[in-house]
Amino acid sequence: MKRKLLIVLTACACLAMFSGIVLAHHGVAGYDLTKTITLHGTVAKFDWSNPHVVVFVDAKNDSGEMQQWTIEFAAPIHMVRAGWTKNAMKAGDEITIDTHPSRNGASVGISSTITFILKVVVNGQALPGRSD
Amino acid sequence: MRFQTAVCAVAFLGALGFAPSLPAQTASNSEEAKNQKAGLTSGGKPDLSGLWDPDFRGPEGMRLNTWDSSDPFAAHPERAPMTPWAAEKFKDVRPPFGAMQTFDNTNDPVQRYCDPPGIPRIYMYPWTIQFIQTPTTVYILYEYTKVWRAVAMNSEHSKDPDSTWMGESVGKYEGDTLVIDTIGFNDKTWLDQTGHPHSEALHVIERFRHLDHERLELSVTIDDPKAYTKTFSATKLYKLSPGPVGETLCAYSEMKDFQEKVVDKTQTAPAK
Chain D
1 MKRKLLIVLT ACACLAMFSG IVLAHHGVAG YDLTKTITLH GTVAKFDWSN PHVVVFVDAK
61 NDSGEMQQWT IEFAAPIHMV RAGWTKNAMK AGDEITIDTH PSRNGASVGI SSTITFILKV
121 VVNGQALPGR SD
Chain C
1001 MRFQTAVCAV AFLGALGFAP SLPAQTASNS EEAKNQKAGL TSGGKPDLSG LWDPDFRGPE
1061 GMRLNTWDSS DPFAAHPERA PMTPWAAEKF KDVRPPFGAM QTFDNTNDPV QRYCDPPGIP
1121 RIYMYPWTIQ FIQTPTTVYI LYEYTKVWRA VAMNSEHSKD PDSTWMGESV GKYEGDTLVI
1181 DTIGFNDKTW LDQTGHPHSE ALHVIERFRH LDHERLELSV TIDDPKAYTK TFSATKLYKL
1241 SPGPVGETLC AYSEMKDFQE KVVDKTQTAP AK
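First to last, the protein sequences are chains D and C.
Counting from 1, one number per residue, gives the positions in the first sequence under our numbering.
Counting from 1001, one number per residue, gives the positions in the second sequence under our numbering.
Since the hints were derived computationally from the structure, they do not count as laboratory data.
Treat the hints with caution; some may be incorrect.
Straight-line distance between alpha carbons at most 25 Å, and here's what the computed DMTMM-like set of lysine to aspartate or glutamate pairs gives [stated by the list, open to error]:
no.: 1; chain 1: D; residue 1: 86; chain 2: C; residue 2: 1260
no.: 2; chain 1: C; residue 1: 1034; chain 2: D; residue 2: 58
no.: 3; chain 1: D; residue 1: 35; chain 2: C; residue 2: 1260
no.: 4; chain 1: D; residue 1: 45; chain 2: C; residue 2: 1053
no.: 5; chain 1: D; residue 1: 45; chain 2: C; residue 2: 1247
no.: 6; chain 1: D; residue 1: 86; chain 2: D; residue 2: 62
no.: 7; chain 1: C; residue 1: 1265; chain 2: D; residue 2: 98
no.: 8; chain 1: C; residue 1: 1226; chain 2: D; residue 2: 47
no.: 9; chain 1: D; residue 1: 86; chain 2: C; residue 2: 1254
no.: 10; chain 1: D; residue 1: 35; chain 2: C; residue 2: 1104
no.: 11; chain 1: D; residue 1: 119; chain 2: C; residue 2: 1032
no.: 12; chain 1: C; residue 1: 1256; chain 2: D; residue 2: 65
no.: 13; chain 1: D; residue 1: 60; chain 2: C; residue 2: 1264
no.: 14; chain 1: C; residue 1: 1261; chain 2: D; residue 2: 93
no.: 15; chain 1: C; residue 1: 1230; chain 2: C; residue 2: 1247
no.: 16; chain 1: C; residue 1: 1159; chain 2: D; residue 2: 93
no.: 17; chain 1: C; residue 1: 1045; chain 2: C; residue 2: 1247
no.: 18; chain 1: C; residue 1: 1091; chain 2: D; residue 2: 98
no.: 19; chain 1: C; residue 1: 1265; chain 2: D; residue 2: 65
no.: 20; chain 1: C; residue 1: 1146; chain 2: C; residue 2: 1031
no.: 21; chain 1: D; residue 1: 45; chain 2: C; residue 2: 1160
no.: 22; chain 1: C; residue 1: 1256; chain 2: D; residue 2: 62
no.: 23; chain 1: D; residue 1: 86; chain 2: C; residue 2: 1104
no.: 24; chain 1: C; residue 1: 1265; chain 2: D; residue 2: 32
no.: 25; chain 1: D; residue 1: 86; chain 2: C; residue 2: 1181
no.: 26; chain 1: D; residue 1: 35; chain 2: C; residue 2: 1181
no.: 27; chain 1: D; residue 1: 90; chain 2: C; residue 2: 1254
no.: 28; chain 1: C; residue 1: 1172; chain 2: D; residue 2: 62
no.: 29; chain 1: C; residue 1: 1261; chain 2: D; residue 2: 94
no.: 30; chain 1: D; residue 1: 90; chain 2: C; residue 2: 1104
no.: 31; chain 1: C; residue 1: 1265; chain 2: D; residue 2: 62
Coverage of chain D stretches by chain C, computed from C-beta distances (three or more under 8 Å per stretch; other residues unrestricted) [to be verified]:
no.: 32; stretch: 63-70
no.: 33; stretch: 90-97
no.: 34; stretch: 124-131
For every residue, glycine included, the Cβ atom is placed at its ideal position computed from N, Cα and C.
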């Protein structure tokens, strides 16, 4: 009985993974969804507007050089549905943020679409997340 | 052991089939309760009130990017039953979804110009819809781009309608279903998220009905003899939504800003 359950669960998991790759969302054509990186830095700008909320983060890269990252989120109303507001962060705040990076190696990433919000911690407080 | 099992089985079957009958209800009460559950008014007409979210999750909730249900994942958008006219238009599209998806120099009219998505492409965006039903007109309000349509109930189409972004709609109730018939389109919109074209001969039939109180099914049929060699259709689900509804206009200045500050950076090799 347990073995059958395991087989079914594995099959479901495989199907879910496969579906995720085939059913690409808006905006992810340019991002590598299989990769997640974590940035530690400062909020340079918080752009709470359509079509997508955008967070600009100043963070040091592995070589210690300051880089500015452009991180895409879902539309404002979709962030509101998940519990965010336009006051979620502001320029100068300390931020730790997970993101799926751009495929071309540019310092651009996506941290939220309609179906997920990756981990975002601002001044030590985690903002509401969402998983598929 | 066998005897005990048999007793259990009989008891269980008995519980199923021979439950004590419920106290008698008046015909109108039970009819009302049944109608409420099914999303019908007391007059038997569909009650479409509420806020409706397109269902993106679960086996039925996959994101719909094409109305051609023979290619549900839009893995082969070129296989839609296009006429040579449509196939010619289709070969140059640079759409946001499907096998040909790209954000490099997009020519998606919504992304490039904030053009209205139109009917029925607007249903493919993950935003809410709501209905206002009056005896003569059903209004549909779309959160995405904040547009609305007026569907003239129990009317005929005009003889020579204008060519407009969202067409001319007439509607009627068929049992539990709101049926909307739309013609009079311009050909400036895409049919869907994969860039399929349509002509001014486009004729769209939408059918909305409750599957239960909390779920609405939308069925869309595409009939465009200039662009497609046969009709095709697909369905999608809507769920009762807790909201809230926000403002998601497509403002060209915001779209342009986003393209330049975010999207373009993902398309070109970064400066070293």
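Satisfaction of hint between residue 1260 of chain C and residue 35 of chain D, Cα-Cα up to 25 Å: holds, 24 Å
For the pair supplied as a hint, residue 45 of chain D and residue 1160 of chain C, is the alpha-carbon distance within the 25 Å limit? Violated, at roughly 52 Å.
Given the hint that residue 90 of chain D pairs with residue 1104 of chain C, test it: the Cα-Cα distance must not exceed 25 Å. violated, 31 Å
Quick one, are residue 90 of chain D and residue 1254 of chain C close enough, alpha carbons at most 25 Å? Roughly 20 Å between the alpha carbons, so the hint for residue 90 of chain D and residue 1254 of chain C holds.
Below or equal to 25 Å on CA atoms is what counts here, so check residue 45 of chain D against residue 1053 of chain C. Given pair residue 45 of chain D, residue 1053 of chain C is violated - Cα atoms ~31 Å apart, limit 25 Å.
CA of residue 1261 of chain C to CA of residue 94 of chain D, is that 25 Å or under? holds, 22 Å
Proposed proximity, residue 32 of chain D with residue 1265 of chain C (alpha carbon, max 25 Å): Distance of about 14 Å is within 25 Å: holds.
Does residue 62 of chain D sit within 25 Å of residue 1256 of chain C, going by the straight-line distance between their CA atoms? violated, 32 Å
Keeping to a limit of 25 Å between CA atoms, is the pair of residue 1230 of chain C and residue 1247 of chain C held or broken? With Cα atoms ~37 Å apart, residue 1230 of chain C and residue 1247 of chain C exceed 25 Å; violated.
Given the hint that residue 119 of chain D pairs with residue 1032 of chain C, does the C-alpha gap stay at or below 25 Å? violated, 47 Å
For a C-alpha distance cap of 25 Å, please report whether residue 86 of chain D and residue 1260 of chain C respect it. holds, 22 Å
Hint consistency between residue 1172 of chain C and residue 62 of chain D [alpha-carbon to alpha-carbon, up to 25 Å]: violated, 64 Å
Hints 2, 4, 6, 8, 11, 12, 15, 16, 17, 18, 20, 21, 22, 23, 25, 26, 28, 30, 32, 33, 34 from the list above are not met by this structure, while the remaining hints are.
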